[in-house]
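Given next are the chains, with one letter for each unit.
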Amino acid sequence: MRASAPLLRVRDLSLTHVGSAQPSPNGVSFEVQPGEVVLVLGPSGSGKSTLTLALNGLIPQSVPADVEGTVEVDGRSTSTTPVAELSTDVAMVFQDPDAQLVTGTLFDEVAFALENLLLPVDQVLSRSEQALRRVGLWDRRTWNPDRLSGGGRQRLAIACALAMGSPLIVLDEPTANLDPLGIDDVYDALTDLVAAGDHAIILVEHNLDAAMRFATRAIVLDQSGRLAFDGPAAEVIRGHTDELIAMGVWLPAATLAARMLRERGILADDAPLPLTPEELAEALDAAHLQGGSTLAGRDAADSSFIRATTLHPSPRSGHPSPRSGHPSPRSVDEEPIVRARSLTVKRGRQEILHGIDLDISPGSFTAIVGANGAGKTTLIQALAGVVPPPKRRVIVDGLDPGAASPRDLAARIGFVFQNPEHQFIAHSVFDELAHGLRLRHTPEPEVRERVQEMLARFGLDAKADAHPFLLSGGEKRRLSVGTALITRPRVLALDEPTFGQDRARAAELLRLLRDLQTEGTTIIVITHDLQLVADHTTHTVILADGLVHAAGPTPELLSTAGIFESAGLRLPAVHRVLQQTGIAGSLLRDFTSEASR
Amino acid sequence: MTTITSPVPVIDPYAPTAPASAWRFLHALNPLSKVAAVAPAMLLLVLVRDLATPASFIALAYAIILVGARITPRTAALLFLAVPVGVVVIGFGFSVWVDAALVDDTAPFLQIGSWTLFSGAVEIGFATALRLGAIAALALVGGLTTSGPDLVRSSIQQLRVPYRVGYTALAAFRFVPRFGHELAVIRAAHRVRGHHGGRGPIARIARGWGYIVPLLAGAIRHAERVALAMDARAFGAHPTRTERHLVPFRSRDIVFIALFFAASATIFIALFPWQPA
Amino acid sequence: MPKNRVLSTRVLLICAAVGVATGLVSAGAGYLSIIVSAGAPVLYGLVLGSHVLPGIVAQSLLRVPGVALITHVLAALVSTAFAPAWVLRYIGTALLIGVIQEGITAIGRYRYWGLGRFMISAVIVGVLLAVPISFAADIDKFEPWAFVLYLVMFIAGPVAWTFIGVRIGSALRRAGVVTRV
Ligand SMILES: Nc1ncnc2c1ncn2[C@@H]1O[C@H](COP(=O)(O)OP(=O)(O)OP(=O)(O)O)[C@@H](O)[C@H]1O
Ligand SMILES: Nc1ncnc2c1ncn2[C@@H]1O[C@H](COP(=O)(O)OP(=O)(O)OP(=O)(O)O)[C@@H](O)[C@H]1O
Ligand SMILES: [Mg+2]
Ligand SMILES: [Mg+2]
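Residue numbers (our numbering), protein chains in the order written: chain A, 1 to 597; chain B, 1 to 277; chain C, 1 to 181.
It should be emphasised that the hints constitute simulated quantities derived from the structure, not laboratory data.
Ideal Cβ placement from N, Cα and C applies to all residues, glycine included.
Treat the hints loosely; a few may be bogus.
Just some of the chain A residues that point at chain B, by a computed CB distance under 8 Å [to be verified]:
#	residue
1	Ser-62
2	Ala-84
3	Phe-94
4	Leu-119
5	Val-386
6	Pro-390
7	His-422
8	Ile-425
9	His-435
10	Leu-437
11	Leu-439
12	Phe-458
13	Phe-469
14	Ser-472
15	Gly-473
16	Glu-475
Capping the alpha-carbon separation at 20 Å, the derived lysine to any residue pairs in SDA-like fashion look like this [what the hints assert, rightly or not]:
#	chain 1	residue 1	chain 2	residue 2
17	A	Lys-463	C	Trp-145
18	A	Lys-476	B	Tyr-211
19	A	Lys-346	B	Val-185
20	A	Lys-476	C	Ala-175
21	A	Lys-476	A	Phe-458
22	A	Lys-476	B	Phe-25
23	A	Lys-346	A	Ala-287
24	A	Lys-346	B	Leu-44
25	A	Lys-476	A	Leu-516
26	A	Lys-463	A	Glu-453
27	A	Lys-476	C	Ala-106
28	A	Lys-391	A	Arg-347
29	A	Lys-476	B	Val-185
30	A	Lys-476	B	Leu-215
31	A	Lys-476	B	Arg-252
32	A	Lys-346	B	Ala-188
33	A	Lys-391	A	Ala-403
34	A	Lys-391	A	Gly-402
35	A	Lys-463	C	Gly-39
36	A	Lys-476	B	Val-165
37	A	Lys-476	B	Thr-266
38	A	Lys-476	B	Arg-187
39	A	Lys-346	A	Asp-545
40	A	Lys-476	B	Arg-74
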């Protein structure tokens, strides 16, 4: 390769999927040099994934699409050079770690591509070993990949890319399907890779907190798929913060927090916006040194600040505060709507929940958090009767899920699974919504009326006759919530509703849940996203090893030092910075709710 | 979370088999030789009508399995419980249907009211059951000692099955545990919605029908993503690929096939089951 | 990768997904056939008929040449892994039924994918399976009416399962699962 030639040259590229009206990306040009780390940003649907597929020729060779303009890898066009030939120059890591596995052991998996390329056996062996060692999986080379965690499997995918020796590695949201530990796992591997400096990397990522540490450049696509900005990552983000927010592009949490602090006069307007939690901490330290009075005596002020904001929702918040409809102090006296007493659940021979006592007050928005395997899913499924709990241990809105029929229970508590498609039964959106009512023998005119009402409420009017599977991802999610709500249960339970979803869809869902809560529905969610917990919930239940580790109003738990950590959880990095500096949860709530609008 | 190691124990078609002691020779044979060795006998068994021939083949197959295969509790249950019970049950099951007119000159075996089960009918029924049992037992010689992936590999290496098809099959084995997990989730999800409450076979079938589309739709979308990942990793780049896992066809395979043919021929000649009764 | 390749990796893997699902049905059918043979051997054709599923679902879903045979082979491999005692039955029926199903659509030059064509292949499959198997099971010793019923079931089985397979394929198409091949 000549030193001056770009590794990748994209010229006036427009890609149109079969059946799409608009090209996205649309007329995009850029070049990538060896050693660069390029972050690709853009709102959902701007064509980031489509773009990545064109970089190694999968579009148009495996996925049919209209291609205008050219993509050249080391001088070869990706529309005519076979994907297999390009694979030695461009390696891909996809979003879903499961969908990249072909063989039965880690070693075979890494060797798969090398064997396809007809490399001699000794090279296959040595290259596979090198790649596995680089991501720290060599010791587990004989494992079945199923035994790895999600993060481990994604590291394996990175090892597969490394083994091919491609100078360019393209990653499309490699952490979107992972829990926080898995995300760390992947970023550790990527950080090592970048430090070695022997690869150019193109990274599509919504979660910028970790990526900002090593990205050298950012490319931003706008809603219509056009190239909006292209430049050094820090410059693009600092220089166009407002445009990026308006576009719906996600920014590092530290940057958003700093903007909030600027508005409140805590940070100076002229100081550069921080991009990472570390920079935020520095900025706060500097502000502290200059205007010591702002944060003086913060340790004493801290908890009272939280209590104050809990009782009096911030007037600055653009949203009706979650608490404005149902202030938590009132709900304390109220009869709980969900109550569990010494709830013990076994799966097989193993006891998973060991005597849970839990009260959930009506109108609250409760998060259940905990490390993997803590028993969250088991708990919420027992509460909602998905897997009936032992009798006389749980009461939901006056009914015992251990004894009630699913049909009766559905009128008290709605349950939404992670993948909406799993729950769909009927062949049209209308029938899907009507199903719950018809099971109850509701008269047909009333069915029609209530379904229409639900369609209108969730913006699905135009789709009433469509097959549920043909909806967009966001629409499917809304429909699945709608089907759970049509029987007007007073409690809605959701198991990891934002898992594997992009931020735009997650924000849309949370807005919906908050509206429902304002109207009086009690919401229970399981989540790994502590940012979500801090931003949206009124109460939090922390589970650890099948026991309730702590439970109470979210702000109280957030301001209790060490309570999340001792359950094996970690607060978001920015939150940790702010907590150390004495500016706690409520502030974060304000800035994220603003950003998710 | 679905990405974390699945909590339910699943069948792992890739699970490494524990190293067998040297004289468990069946595990060391090529998968195809075990099929080739038994196939002629299986086909000829279709044509026999007596009791002795299938019984001899069952004995032969069991002897080979007991000597040459690793016996786990599961295979022991299969060999000494499932197969015998199957033979007995099928034997009586078939005899009930035998045309009484053909056998009413034989001694009655069982009499219930005016209905008689003749011993001739039982003999015909058991001949059929033993025959089916023998065919199954012969299949188990290879079936109990071969892993799916090895069968695929030897099909690629010896039978020249295109490797793209073969490796698709290897990827397909990965779908199996995933299917089980997805099905469990879909069932729970439908249950929550009170789908077709009700017992009985009809309600069950109606419920099962409702699982098919979500299950297959999810599987197919997953398959499409796997296909992209495989293409991106140069799958199908060349007409052949480097093969590290050789499943060789060695002289011991030829010896096994020859010995088995000889044993089969001996049984067939000795008992010659085709002579007119 | 040559662009004119008949079966893309994507089509192969969709066949694999269908093959796994239907292969598990076949594995179940293997064990079920013990019960049926014991309880009501004349109904055996209904159970064996389920072996038409892989090809029918694949053809009615994908509508391209070659998928029936490939899906049958993949399904046979999967069911063999789960019910090894029936290995020859799985491989034998896979090749036999796969070739028949491919052949019938090939005669129409892969332009007709209606129910009628599939039913023709179902009847042929039924006849070709009934002859050797009724011989293996010594069915001519049965009462004459049972013998006739046995043969009828061998036609009814594949026909019924073909109908089910076509319904599954079209339900999946309606759900937009495979937009283009
Ligand atoms: N297989 C497909 N068939 C038809 N249209 C598609 C297909 N995949 C994507 N599209 C459409 O192409 C456009 C760009 O989608 P793409 O997935 O590239 O966006 P993205 O920027 O990656 O979004 P996200 O952030 O949600 O991942 C969207 O309008 C989408 O609906
Ligand atoms: N059906 C089952 N049979 C046996 N063990 C199970 C079963 N379901 C769950 N478990 C085990 O119970 C424990 C709790 O599982 P659960 O799914 O409730 O955890 P979780 O908190 O939801 O975890 P995650 O964050 O991974 O979703 C885990 O150790 C898991 O392995
Ligand atoms: Mg994308
Ligand atoms: Mg869970």
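Hints, verified against the model:
no.: 1; hint: Ser-62; in the structure: holds (5 Å)
no.: 2; hint: Ala-84; in the structure: holds (3 Å)
no.: 3; hint: Phe-94; in the structure: holds (6 Å)
no.: 4; hint: Leu-119; in the structure: holds (6 Å)
no.: 5; hint: Val-386; in the structure: holds (5 Å)
no.: 6; hint: Pro-390; in the structure: violated (18 Å)
no.: 7; hint: His-422; in the structure: holds (4 Å)
no.: 8; hint: Ile-425; in the structure: holds (6 Å)
no.: 9; hint: His-435; in the structure: holds (7 Å)
no.: 10; hint: Leu-437; in the structure: violated (11 Å)
no.: 11; hint: Leu-439; in the structure: holds (5 Å)
no.: 12; hint: Phe-458; in the structure: violated (17 Å)
no.: 13; hint: Phe-469; in the structure: holds (6 Å)
no.: 14; hint: Ser-472; in the structure: violated (14 Å)
no.: 15; hint: Gly-473; in the structure: violated (12 Å)
no.: 16; hint: Glu-475; in the structure: violated (16 Å)
no.: 17; hint: Lys-463/A to Trp-145/C; in the structure: violated (55 Å)
no.: 18; hint: Lys-476/A to Tyr-211/B; in the structure: holds (17 Å)
no.: 19; hint: Lys-346/A to Val-185/B; in the structure: holds (18 Å)
no.: 20; hint: Lys-476/A to Ala-175/C; in the structure: holds (13 Å)
no.: 21; hint: Lys-476/A to Phe-458/A; in the structure: holds (11 Å)
no.: 22; hint: Lys-476/A to Phe-25/B; in the structure: violated (55 Å)
no.: 23; hint: Lys-346/A to Ala-287/A; in the structure: violated (53 Å)
no.: 24; hint: Lys-346/A to Leu-44/B; in the structure: violated (53 Å)
no.: 25; hint: Lys-476/A to Leu-516/A; in the structure: holds (18 Å)
no.: 26; hint: Lys-463/A to Glu-453/A; in the structure: holds (14 Å)
no.: 27; hint: Lys-476/A to Ala-106/C; in the structure: violated (39 Å)
no.: 28; hint: Lys-391/A to Arg-347/A; in the structure: holds (16 Å)
no.: 29; hint: Lys-476/A to Val-185/B; in the structure: holds (17 Å)
no.: 30; hint: Lys-476/A to Leu-215/B; in the structure: holds (16 Å)
no.: 31; hint: Lys-476/A to Arg-252/B; in the structure: violated (59 Å)
no.: 32; hint: Lys-346/A to Ala-188/B; in the structure: holds (17 Å)
no.: 33; hint: Lys-391/A to Ala-403/A; in the structure: holds (6 Å)
no.: 34; hint: Lys-391/A to Gly-402/A; in the structure: holds (5 Å)
no.: 35; hint: Lys-463/A to Gly-39/C; in the structure: violated (50 Å)
no.: 36; hint: Lys-476/A to Val-165/B; in the structure: violated (35 Å)
no.: 37; hint: Lys-476/A to Thr-266/B; in the structure: violated (67 Å)
no.: 38; hint: Lys-476/A to Arg-187/B; in the structure: holds (19 Å)
no.: 39; hint: Lys-346/A to Asp-545/A; in the structure: holds (13 Å)
no.: 40; hint: Lys-476/A to Arg-74/B; in the structure: violated (44 Å)
Consistency note: the structure conflicts with the earlier hints numbered 6, 10, 12, 14, 15, 16, 17, 22, 23, 24, 27, 31, 35, 36, 37 and 40.
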